[in-house]
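Please arrange chain A on chain Y, whose structure you already have, making use of the hints.
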Amino acid sequence: MNALVVMKDIEKSFPGVRALHNAQLELLSGEVHALMGENGAGKSTMMKILAGIYRRDAGEILLDGKPVEINSPRQAQELGIGIIHQELNLMPHLTAAQNMFIGREPRKAAGLLLDEGKLNAQAAEIFASMHLKLDPRTLVGGLTIARQQMVEIAKALSYRSRVLIMDEPTAALNDAEINELFAIIARLKAEGVGIVYISHKMDELKRIADRVTVMRDGEYIGTVPAETTPVEKIISMMVGRALTDERPDVPDHENSEVVLAVRNLNRGTVIRDVSFSVRKGEILGFAGLMGAGRTEVARAIFGADRRDSGDIFMHGNKVDIRMPQDAVRAGIGYLSEDRKHFGLATGMDVRNNVVLASLRRFTGPGGLLKEAAMHDAASRYIDQLAIKTPSDRQEVRLLSGGNQQKIVIAKWLLRDCEVLIFDEPTRGIDVGAKNEIYKLLNALAQQGRAIIVISSELPEVLRLSHRIAVMCEGRLTGVLPGGASQEEIMHLATLRGDAANNNKHTKPAKGEAK
Amino acid sequence: MSATASTGTISIGSKFSGAHRLLAFASLIALIVVFSLASPNFMQTSNIIAILQATSVNGVLAIAATLVIITGGIDLSVGTLMTFCAVVAGVVLTFWGMPLGLGVLAAILAGAASGTLSGTFVAKLKIPPFIATLGMMLILKGLSLVISGTRPIYFNNTPGFTQISQGSLIGTVIPGLPIPNGVLILFLVAIATSFILERTILGRFTFALGSNEEAVRLSGVNTDRWKIAVYALAGSICGVAGLLIASRLNSAQPALGQGYELDAIAAVVIGGTSLSGGRGTIIGTLIGALIISVLANGLRILSVAQEWQTVVTGSIIILAVYTDILRRRRL
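As you go down the protein sequences, you meet chains Y and A in turn. Okay, so the first sequence: first residue is 1 according to the numbering used here, each after it adds one. Okay, so the second sequence: first residue is 1 according to the numbering used here, each after it adds one.
Next up, chain Y with everything else stripped away, as it sits in the complex:
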């Protein structure tokens, strides 16, 4: 079979960073080709070059065996290369059809008027070819993320794309929606469209990918058939070593002091009568489905959101937390799932982010900052947490997700918080760095800090937690001992309404699920 696209010896550098070096990819027509690698491996950069968003520094791109120059997204579209970004680029106030044909709407009356009828007919035709039941006149803003993604795919197809790049398309989809997406991918594949599929989810690759190309640190590592290659092999290609999956050995905290206790926390319908406690040295996992109210509980404890009622105790003493500063003063730190928006001042350097919560400690008379002491503190944590950065003056936006997370952790360690609440601590962090974060959390617990970990990834909860609190629809439906099974967690995570109340009353304090 002839290659549809060949990318050879691609080089790309950004200021201070070599993003791609000797990168390559071969895509056949009618193939789903998975592109894998840790965050920062260069997958997205590679695809942005193919889609004309970045320009390559060196190397060659062949389309149907002929060298091509792709200097703009428009040129890429004209060559039949479409990209579906992880973050969708649709205008919510326009209809599906208007979004698909934006900038090239069919006209009538000598080009003076838009031909909405023809516009909708053309969109409907493409939807039909995808076996997608969707009215072209629906406003995009009212569609689910999954449906919006379908509109994006339809838009790419309307350019008669022969190459379709999908960047983590299933990140925000549920199982049914994923099935629908995969059905469409299968149809496109049958029509000879070549699909580059970027994903972190191993099970998906097994389901839809024909071949897998692995990248690491901006370089090409290898291409293997998806079906016959074991997952462990792919992971070891990605991280450069084999990973072992460890289970926690759950220490006995029976006699440890309760550091944080929460009693009858309420907030509207999102938090209903939640009570729990965390002991010194303990890692309490919070499991639950999306929207179960776990983040809301964390934010309410931290004072980031108002709470309607409920008491918070530190070492048995009631604390009045109304604002984050009250929580921090009481010794509670919160690490948000969204580091860029809630955790870091990304335009500032490592040093200033590390000291951000403790700046007063580095302030002398007259409000003068002690830069040298700040430098020492930042450097200490750069060493201690093995943060990869050229210096403490590097802007944090230039660092990888794992290193950014470490900086947020350093910020709270420096503030010396006894209770640390981690909300999705490894979201957007690659496999290798995840392990490091896990080790760090365990080390923090061993030092005697009380740790709460909110995670949507069950394996992560199981691996870290000494006890597991499970929430459903704003209620705490049970607390399981460490090492509980996934089934027990899922049972509690789907325990709704009255059943949960009854369950709670009959449940012993330590909590064994039935």
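Simulated from the structure, these hints should not be mistaken for laboratory data. Just so we're clear, the structure is a prediction, and the values are computed from it rather than from any experiment. Backbone N, C-alpha and C fix where the C-beta goes; we use that ideal spot for every residue, glycine too. Take these hints with a grain of salt, some might be off.
As the list claims (entries may be wrong) - Reference listing, derived: stretches of chain Y covered by chain A, where coverage requires no fewer than 3 residues with Cβ under 8 Å from a Cβ of chain A: (1) 285-292; (2) 322-328; (3) 363-369.
Relative to chain Y, chain A alone:
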């Protein structure tokens, strides 16, 4: 860690503003060279001093505006606040016959109070800075007219008031260098503000608020209080500007002031401070203010009509920001 990393050099604003500052500085030099070639009158000492003197008021106002803009806000009230402070000084000195020092203090306190109010609207009531300071702009404009009785207040009873701006401390120490006090005050305000921005906790939070306010709040920092402090500092700097302009005119002109905020913001923008917050420098603003007055002065010497001068200034703003965008796009 390298030696440069440990010295704690002043570079909180990103490297972009540094590059922009260089560009702005080069443009300033280029303008000066062009004008001095075009007219022999331009480089005369008296003309240079006139340029500096003309920069003093706008420069001080622009420094105030820079502070607020770095937090990610905007202050439209700097012009009328300046006037309000001048009128307050007039009331204290001329109507009440108080000594000079109290007048100066009153003007600066009035500025700080007004800034505190603006900051409270923004931080506590969550009114967008544009709206809050637009409201304050009109309120202060009205109040200036009310308390002055809509007439200018003259400072004839306060000998020495004109010295604030027009006297020359430097000239008495170094004869032959008659730099007016107004210019000296501009540079002192610039140095002090620069120091606060780069070396103190207030300055650090000014940048941090503009960079990511929510992250700062979730770090347990009382962001409201720091934000109000920044607006208050900006307001008291407007008080200094009020004293400068009143001293130069030997009167507080209650109808003056509106329009100054735009010149101030223009200087800030030309100087490379980002309107989206998080980066900016005082030296950049100073250069921006100088570019505006060099341009005005040079064009006047070349007999370019006043109406064309504003066209040129407007074009410079767009050009300055566009080059900044171009350079960042290349990265």
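Each hint tested on the structure:
With 0 residues carrying a beta carbon less than 8 Å from a beta carbon of chain A, the stretch 285-292 of chain Y misses the three-residue requirement, and the given coverage is violated. Coverage of the stretch 322-328 of chain Y by chain A holds [criterion: at least 3 residues with CB-CB distance below 8 Å; count 5]. Note: the stretch 363-369 of chain Y has 5 residues with beta-carbon separation from chain A under 8 Å; the three-residue rule is met and the coverage holds.
Of the numbered hints given earlier, the model fails hint 1 alone.
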